[in-house]
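Fit chains Y, W and H to the given chain B structure using the hints.
Chains as they are written, first to last, in my numbering: chain B, 1 to 543; chain Y, 1 to 108; chain W, 1 to 330; chain H, 1 to 230.
I should point out that these hints are in silico values taken from the structure, not numbers from a laboratory.
Fair warning: this is a prediction, and the values are worked out from it, not measured in the lab.
Please note that the accuracy of each hint is not assured.
As the list claims (entries may be wrong) - Okay, derived cross-link-like pairs now, EDC-like style, lysine to aspartate or glutamate, Cα gap no bigger than 16 Å in a straight line:
id, chain 1, residue 1, chain 2, residue 2
1, B, 342, W, 192
2, B, 342, W, 296
3, B, 342, B, 520
4, H, 68, H, 21
5, W, 111, W, 140
6, W, 283, W, 263
7, W, 111, W, 60
8, B, 107, H, 21
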Amino acid sequence: MATAVQTVERENYLNSNYGIKSWLLTTDHKRIAMLYLVSITAMFWIGGFFAMMIRLELLTPAGDLVTSDTYNKLFTMHGIIMVFFFLIPSVPAVIGNFVIPLMVGAKDLAFPRVNLLSWYIYMLGAITALTAMVTGGVDTGWTFYTPFSTTYSNTHVIGAAIGIFIAGFSSILTGLNFIVTIHRMRAPGLTWRRLPLFCWSNYAAALIMVLGTPVIAITLLLVALERAFNIGVFNPQLGGDPLLFQHLFWFYSHPAVYIMILPGMGVISEVVTCFSRKRAFGYEFVALASIAIAVLGFVVWAHHMFVAGISVYAALVFSLLSYLVAIPSAVKVFNWTATMYKGSISYNTPMLYAFGFIGLFTVGGLTGIFLASLGLDVHVHDTYFVVAHFHYVMVGGMVMAYMAGLHFWWPKMTGRMYPEAWAKLSALLVFVGFNTTFFPQFILGYMGAPRRYHAYPPEFQVLNVLSTAGASILAVGYVLPMIYFLWSLRYGEQAPPNPWNAVGLEWMTASPPPTHNFDETPVVTWEAYDYEHQPQEEITVGH
Amino acid sequence: MANPSNEHFSPESHILPVSLYFAIWATLMVCTGLTVFAASVDLGIFNIVVALLIATLKGTLVVLFFMHLKYSTKLTMVTVIAALFWLFIMFSLTLTDYMTRHWVTSGL
Amino acid sequence: MWQNFPLFPPRASALAWQVDGLYFLLVAVSAFFTLLIFVMIFIFAVKYRREAHPHPVQIEGSLPLELTWTLIPLGICMIFFAWGSLIYFQEARPPKGAMEVYVVGKQWMWKIEHDTGQREINQLHVPVGRDVKVIMSSQDVIHSFFVPAFRVKADVLPGRFTMTWFRPTKTGSYYLFCSQYCGTQHSGMVGEVIVMEPTAYQAWLSGNSGGTSGSLSANGQQLFQQLGCATCHRFDTQGRGPNLAGLFGKPVLLDDGRTVVADENYIRESILNPGAKIVAGFKPIMPSFQGQVSEDNLMALVAYIKSLAQPQQSQSASNHQAVPETSNVQ
Amino acid sequence: MATSDVDIQIAERALQHHFADMEQQQETSTFGMWMFLLTEIMFFGGLFTAYLVYRASYYQAFVEGSQKMELWAGATNTAVLICSSLTMALGVRAAQTGRKKLMIVLLLITILFGLGFLGIKGVEYHEHWENHEFPGPNFHFETIDKKPPVDPQHTEIYFSLYWAMTGLHALHMIIGVGLVSWIIIAGLMSAYTPSYYTPVEIVGLYWHFVDLVWIYLFPLLYLISKKHGG
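Pulled out of the complex, with its shape left as it was, chain B reads as follows:
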């Protein structure tokens, strides 16, 4: 460790002032990131609890633990909470909020008050959705397919839809803030080609937030209107077309998976370069791949509808385009792997999560190819194959990346080190638990087990038991960090400004950073990931 033991605690964003008001009225991006961290962690546990209930119910073929109505509400609320209130805000609103202004050498995001507003909007949305859930729940699935959601469901669809509608504006404002910040607030000398890849990928995700989210907002508004006034736009009994709902829904919700995964990819780029002590291999290609994913992500949505009754010709077009979006993802995976080549690799926890991410994202991405392939999708659509695929991307990919980023920047965010040994153990548990949970579901899916089934034929039981067993390992893997992160806040070692000896502006200021981030505006004169010119002796990180 660096010898500078701080005897006099210098002022930072955490100790500059105290009191609940100083947090709730803050416009400091770092404090807002912490507010987000607390709120999305709460949402993660609520969503995780529902997941656990689902897995327990599926332990036996008969629907014996909860009633079918309860089960339907459980998976619906699991989906809504995890997608809209955890995955979408996770990396951008927590890590991005904290790190992006630091990375670009700015004192704050472009619109600090809007940033705070976006947290309040998020909370309002979350509370609205949770209220709908507590007072009776929703049972439409997170996809709100009409006419079930508009006419047949007897649950609190409007409440949940309004909650998501509101939370959407939080996402829009965050995205808007990121785009404007990255365009307008970069430090002198920080050209686009020197921008950290984390900023690139968040920029790409922000594009989707800004362009896609309004469409889901208006769509859910129409669903709410349909339920309230019977306006008929999506109701086949009134001449509407339920497929139009699916088009509009997936116009956002497919790109939304890239909102979830792109920032995670950015984290991996940071972590892999840092712990390989190497420049990012093919920097331009990785950066452009992010933008390509954001743009191509918008032209593939109907691959969710191959068996829904769309025209054969449209299915062909969307299938072809879906393959195209796979290519930039593949480019990224290859480049991360190549970055490690001839590096100097240390096995710190963030790097372990990054290994996990690359491996699991590869599986998740490749099984996406199965689903893009028309003839095969017909068979595996709406089965556990799909469930396994998107959990590989969302949990195996995104949550892994989120954990990697949280461990990576934890010293910067809190000024404390987490306990490395425990963290490594939990990374291992997450990897093992995850694969045990979701790999069997690929097999289940190809066997034809439909998703969202409360009870299932007995021959699917063995794989389901395996899955539930894995889920309990996974749960332990997530509980551990919760405990040791909290522990580290009080007992953790003091973190030096740059514990990983990483390059990047965020590591050139104190840990935790002062309120204004930098004592003086930094001037960037080096390329991104310039590990070449960093003195080797400074490497202090153990493993």
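Showing chains Y, W and H alone in chain B's frame:
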């Protein structure tokens, strides 16, 4: 219409002459009259084409002059083009489905 | 729990082999790339660990490599695209002469009607080796007709017909799942497809014809009379509505100049929402039958109008006496 | 455009801590507003997509619905909005050139135009409501020639979209009136100078955008086809 060469202001302070604003306003009013008139003439499917062309002309004038896009940064232009491009994606790919549902008829 | 533990679905249709073939290829390619990445990460992580390799070698990137891992995956993807699309195209185009089965999905059961008039619930009996075209619609929400053993699936929509088809190759009983979430008892909306030897199937048909009042198209013909359709849709040129004999499957010129093919969905729309498409030369005077005909009756009417298009029946139809195709059953 | 010391003070107070200078702040805010308008375009875009899909499929039903629109009201409202855009643009110009009183007067006229638009819209809404041309169980429609509609279901969808699109637009107008009022109040308190008028400009952008949406709504909803007896 006003001659743009006389209005070369720096992008920071795009103060346009009052006469230009009135000229744009007059054009917009005339276009509105034109579009109402055009709708009363039966042009078949060209009614909608004419109406949308006029609307687009009006919109362009509003964006370029009232919203100062003509005097804004390239970035702002890119933003507007992005909006149009994404709208185009949404319209065209959705219609790709609806307009071709009858292409393969033997299977409904 | 351990005795019955399959890892692969039964393969019981002509198409299943093709889907499985594509699947195996994809599994092989995916396994290759997954292993490639895993092994590379493993080798790099061990070989270049900090203790063994303290001084990294900086490499900017490599255009040839980037092109390689852009173009090769793209090429492979195009193979999958072509193959997957070929299968999908076959699924979208049922062969001519397929026997037709009508399926109504409702919360939470499958109602099945055979051309020959037999009705079943959550069971579908079909003969082995024959093409079966399934014409479906839903009475309430979206369902999805999914037979894993046949590798076919199609959503069942309210307000519209969709279809799928299969040719069973193995006798036995196979799961019929609803795979689109449809509410409380979604997981209870499970039926079975029973594939029988042709002789056994014939026996089943005749054993089950007792309870039915005749073939589907005969029911349709009855409805056609009851609902008063026949007063306008006469089988000559004098009717106030178009003559429906020989209509099915033919292009129809509409009064706004468009041409549509008279398929199942066109007939359905014309019954429920006649104003949407007016046939050229006719007035929009037909009332809507929305809410007056159930999904089952709609299917009967469609079956009847279809039967009018078969040459040997158009004659008998004009005598108001449709004879179903497989009349040997009665 | 003489800048007084007071003006400089106002501008200094307006500069937020995380910007280097006024120019960066102004460019950033304007760009932020354009990004916001981008999301607004996509927001309306969802409804326009629905409109396109149904109009392409059920043209006749849309024609019949559209013929029941009051052309005079739509056309007058278009003109009213164009006038309000003019006064808004001139108001921003007055802020640029530092003529506070003129700015306030022009913005007041803008609000009046805005309220006028909403008033006319309200009259139209009232009429449709009285005629049961509101989607839902009580929906009832007969064509302009007092005949039953050929395709009542899809005419109802036309009205659903009409209410949704114009309603959303009217909501934006109401927000716009609120924003302009806020600018007027701040202007009365001398918040703006020629070197700091970003809020005026941003609200101006918003107002013009709302005008722009109407420019498309008018032909799409009112002018589908005026040919009778189609």
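- Message: Of all the hints numbered above, which does this structure not satisfy? Sort the numbers upward.
- Response: Violated hints (numbers, rising): 1, 2, 3, 4, 6, 7; every other hint is consistent with the structure.
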